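Each chain is listed here by its residues.
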Amino acid sequence: MDRMNDDRMKDEPLSPALGAALQALDAQAERRAAEVNVERVAARVLERLRSGEVERRRVLWMSPPALRAAAAVVVLVAAGVVMNLADHSRPPASLPLPASIPAMDSLSARQLEAVLDATAQLKAEADTEPLAPSGASLDDLTEDQLQTLLASLGGAEG
Amino acid sequence: MGVPLPAVAADGDLIARYLAGEEQAATELVRRHATALARYIASQGAPDDELEDVTQETFFKAFRALGSFRGGASFRTWLLAIGGNVLRDRRRQWRRNLVVELTPEIRDPSGDPGEHADADWAAERLQEGIGKLARLQREVFLMRAQQGLGYEEISSGLGITEGAARVHYHHAVKRLKAWIG
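Here the protein sequences line up with chains G and V, keeping their order. 1 is the number of the first residue of the first sequence in the working numbering; add one for each residue after it. 1 is the number of the first residue of the second sequence in the working numbering; add one for each residue after it.
The following block holds chain G by itself, in its conformation from the complex (with noise of 0.2 Å):
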């Protein structure tokens, strides 16, 4: 309390006319104050800070900002490797091709036609539904794809 009153003597003094407006400012301030409910006050923080918990306790439980966002990662993550492992179950759209064609070199220009066409066939398929997994070989191709390359590949010699 002296070292209050020692403050007060080092003050900046106030001049009688502020010294006049700050007690009307007071005034007026404390009767403004007056007018506020105190219970409902205590009533309102109350129940906010009720619901406050319950909210951060549901947060907490749920999990953190953090936490969600790493949640997040690992679901798309995961959700990456299943898509990247169901394409690689499928043929690759640009190698359909069976890898036991035998002596490619050997086919004339019209062979080679025929067998490009045959895979481009597979490949449209392979676009729009799902083919036999990896590994696609002649043992792969239906009998209309088998008697279409055939029939291609004669005409072709023929």
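For the record, the hints were derived by calculation from the structure and aren't laboratory data. This one's a predicted model, so the numbers in the text were calculated from it and none came from an experiment. Be careful, since some hints might not be right.
To be verified - No farther apart than 25 Å at their CA atoms in a straight line, the calculated lysine-lysine pairs in the DSS-like style are these:
1) G:Lys-10 <-> V:Lys-177
2) V:Lys-174 <-> G:Lys-10
3) V:Lys-132 <-> V:Lys-174
4) V:Lys-177 <-> V:Lys-132
Following the hints, complete the assembly by docking chain V onto the known chain G.
Then chain V, alone, in the frame of chain G:
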């Protein structure tokens, strides 16, 4: 039901009780400090229809942050400092919403009308001047001149040095003197 509160429990005891889960302690703290807080906020120019809401928001924030209250300043000073921050945030909202009526029109029907008109004019003029001060000047001035707090207490509450609090007060008084005339 908790243990009945003693007639005059210290703020520190009430804070400890509240943190231990006793809601009644929070109610008691609100009863004890709400009017002083509202008076401080009103002096800074909070509109009438916002005064209770700002008071409530200040207590809400204070109770939520009570775990971080270290007791460097008294609970009331800490509360006033939070009130100043809440008011500053609200002012930004009010400005955005173009609510500009910061000076209340309060008339006391008793006494000499001329005298009251002068007092009201002086109060309004001072409030306008206070509104023109920098935030720390305004808060230090009101904590010191209106709430009667010491510099040590003010500096702890506002998180500034005692020397800075003195300087802010000095400049605030000089500017307000010039403003009031």
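Structure-based check of all given hints:
1. Under the criterion of a C-alpha separation no larger than 25 Å, the hint pairing Lys-10 of chain G with Lys-177 of chain V is consistent with the structure, at around 17 Å.
2. Of the pairs offered as hints, the one joining Lys-174 of chain V and Lys-10 of chain G holds, with about 14 Å between alpha carbons and a cut-off of 25 Å not exceeded.
3. Of the pairs offered as hints, the one joining Lys-132 of chain V and Lys-174 of chain V holds, with about 13 Å between alpha carbons and a cut-off of 25 Å not exceeded.
4. Between the alpha carbons of Lys-177 of chain V and Lys-132 of chain V the distance comes to roughly 13 Å, so the proposed pair stays at or under 25 Å and holds.
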